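Enquirer: With chain H fixed as given, assemble chains A and V onto it according to the hints.
So the protein sequences, as listed, match chains H, A and V. 457 is the number of the first residue of the first sequence in my numbering; add one for each residue after it. -8 is the number of the first residue of the second sequence in my numbering; add one for each residue after it. 36 is the number of the first residue of the third sequence in my numbering; add one for each residue after it.
These aren't lab readings, by the way, just hints derived from the structure by calculation. Accuracy of the hints is not assured; some may be wrong.
Claimed, not checked - Simulated DEER-style distance windows between Cβ atoms:
{"no.": "1", "chain 1": "A", "residue 1": "Tyr216", "chain 2": "H", "residue 2": "Glu468", "range": "32 to 42 angstroms"}
{"no.": "2", "chain 1": "H", "residue 1": "Ile479", "chain 2": "V", "residue 2": "Ala141", "range": "29 to 39 angstroms"}
{"no.": "3", "chain 1": "A", "residue 1": "Lys258", "chain 2": "H", "residue 2": "Asp510", "range": "51 to 61 angstroms"}
{"no.": "4", "chain 1": "V", "residue 1": "Leu156", "chain 2": "A", "residue 2": "Phe98", "range": "29 to 39 angstroms"}
{"no.": "5", "chain 1": "V", "residue 1": "Trp46", "chain 2": "A", "residue 2": "Pro17", "range": "44 to 54 angstroms"}
{"no.": "6", "chain 1": "A", "residue 1": "Asn91", "chain 2": "H", "residue 2": "Gly582", "range": "43 to 53 angstroms"}
{"no.": "7", "chain 1": "V", "residue 1": "Ile153", "chain 2": "A", "residue 2": "Pro23", "range": "40 to 50 angstroms"}
{"no.": "8", "chain 1": "A", "residue 1": "Lys258", "chain 2": "V", "residue 2": "Asn42", "range": "50 to 60 angstroms"}
{"no.": "9", "chain 1": "H", "residue 1": "Gly568", "chain 2": "A", "residue 2": "Lys(-6)", "range": "42 to 52 angstroms"}
{"no.": "10", "chain 1": "V", "residue 1": "Ile153", "chain 2": "A", "residue 2": "Ile81", "range": "29 to 39 angstroms"}
{"no.": "11", "chain 1": "H", "residue 1": "Gly524", "chain 2": "A", "residue 2": "Gln240", "range": "50 to 60 angstroms"}
As the structure is a prediction and not an experimental result, all values here were calculated from the model. Just so you know, even glycine gets a beta-carbon here, dropped at the ideal spot from N, CA and C.
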Amino acid sequence: MNPIETKKAYQEYVDKKSPNSPILKNCFNAFWVGGLICTIGQIIMNICKERGFDQTLSGTIVSIILIGISAFLTGLNLFNKIGKFAGAGSLIPITGFANSIVSPAMEYKSEGYVMGVGGKMFTVAGPVLVFGISASIIVGIVYLIFNTQNMTLV
Amino acid sequence: MEKVGKQTIKFNNPPSILECASIVGPKESQGPLAKYFDQTLDDEFWGEKTWEKAESKIIKETVNTVISKSGVPSEQIDCCFAGDLLNQCISSSFGLRELNVPFFGVFGACSTFVESMSLSAICCETFAENVLCATSSHFCSAEKQFRFPLELGNQRPPSAQWTVTGSGAAIITKSGTGPYITHITPGKIVDMGIKDANNMGAAMAPAFVDTIISHFLDTGRNPSYYDAIISGDLGHIGKEIAIDIAKTQGYNIKSIYNDCGVLIFDKNAQDTHSGGSGCACCGTVFSGYLFKQLKEKKIKKLLLIATGALMNSTSSQQGESIPGIAHAISIEL
Amino acid sequence: MDINWANVFDWMSLLKCFVVGGIICIIGQILIDKTKLTPARILVIFVTTGAILGGLGIYKYLVEFAGAGATVPLTGFGYNLAKGAIEGVKETGLIGAFTGGVKAAAGGIAAAVFFGYIASLISKPKMKKQ
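Pulled out of the complex, with its shape left as it was, chain H reads as follows (with noise of 0.2 angstroms):
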């Protein structure tokens, strides 16, 4: 078989041809990382629960501070290693999120402060911004149409 004769052909060879990710050992590190970075969380969450702040603002505290956490991370040049090591286990909780800001801003600080910084940090992040609220909006104004009909979702 020829496998240059067509693109499908090529694409099908090629892929057969190249290494897959170590899907089971990449999703092992993914669990224990992420989970662990969940369990932090909870625990911060416990401690603010327990000084008497209410659910929505333990929320926040943790949220703040595990970004604060991660952008220390990614200033120490650390994160990196650790995404590398745990590919979604740091990615998909907020930590990932404060990285997306932070590397760009660190990276693009030479073309200067306003456009470089200003101008680029949210060229990985961006989307997830547009995205969420943007649902965030729909879901709102979903909510408000059944609502007057007396259909309540929530």
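Expert: For chains A and V alone, coordinates are given in the frame of chain H:
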């Protein structure tokens, strides 16, 4: 100079490669070829503020090194061809702006080194006495432009390649004592529809095979004519694919074939996944390692084929596939 | 104020949090390895999924079950945005749909921007040694 076959140029008075120089970054300095390079750096910034400035400094110093090694003063260099991966080739034009030599900026992605050497050889055959060619690339500036910020905690897939930090430069001269550039086979653009920018080797391998077969058909040679066939930066995966496809086309190159991206790093110890890539991959491996092998007569007939992926981040985002290119140059003693 | 450390280290709730958080990350890892999506796309998928599941009222059960195991992953960020928007609608109607979400997530967004700026002031990216 005459055209033979469909796309090969044969030199009647073959120009010589007079001298080569190479400077590489910290990762390459720990690789298996470290001892062959003229200078190895421990710091990817090399005292500069930005990676782009560092890359310009690397190509500038490499050119200064090759000029001083060759003993040809820069006034006697008739023109130079240089290129790199950054937008509008800023590393080479900024790095060489104080050189005072007529300058042609060239872009052939990672195939730029052989493209520059081919054009230099054509100049030597026509009007020029000495022509300079140089290329550079830098891991950090390439990641910044083509992929993600350095500090982003992402995983590189096993097919990803590692852009070589460094620069290679060569001086081609009209009347030298070899190694001689006897043939060049400029490649056609070949696109087999690969879209994965993390699998460049697979995207470029068909172009490599297209060029190598054209070269053999045009010159009437076959793989056994050469002591070594070296590709630019197909990496481990691309190398396997290239051997496979060439075999289905009736050319068995396995025993004498290798790849600069495979040679420059130790895959297991350095975690570079599929191997090296970038303009400097072929540039530094040829200028450092292969040129010395030719000089010491360990390789007498070399077919150097630099491969390039002609894409940028915009084309990837727009869902375009990756066109590949490969230029071949036959170097003989 | 005294802290009851037995409540802080409630092993059962921490275990639930660990397992659920870990499983959400495994889903992300499978997406990365199997689909070749870029990190930005993965994050977008998670935040949008979280917002939709939050809007449908499904995600809150997961939050009740796993706590931070459901709120710390980015799906929780989406859930938080959606929950805020719904609460905003309850308070101020249509305007609330626009203000509620961002208000609820304001702490996290502001912190990320601020810390990002600070990090860029004091630190420089370095090459991965590995």
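Enquirer: None of the hints should be skipped; say for each whether it holds.
Expert: Status of the hints after comparison with the structure:
no. : hint                                       : in the structure
1   : A:Tyr216 <-> H:Glu468: 32 to 42 angstroms  : holds, 34 angstroms
2   : H:Ile479 <-> V:Ala141: 29 to 39 angstroms  : holds, 37 angstroms
3   : A:Lys258 <-> H:Asp510: 51 to 61 angstroms  : holds, 54 angstroms
4   : V:Leu156 <-> A:Phe98: 29 to 39 angstroms   : holds, 36 angstroms
5   : V:Trp46 <-> A:Pro17: 44 to 54 angstroms    : holds, 46 angstroms
6   : A:Asn91 <-> H:Gly582: 43 to 53 angstroms   : holds, 44 angstroms
7   : V:Ile153 <-> A:Pro23: 40 to 50 angstroms   : holds, 41 angstroms
8   : A:Lys258 <-> V:Asn42: 50 to 60 angstroms   : holds, 51 angstroms
9   : H:Gly568 <-> A:Lys(-6): 42 to 52 angstroms : holds, 51 angstroms
10  : V:Ile153 <-> A:Ile81: 29 to 39 angstroms   : holds, 30 angstroms
11  : H:Gly524 <-> A:Gln240: 50 to 60 angstroms  : holds, 58 angstroms
Checked against the numbered hints above, the structure breaks none of them.
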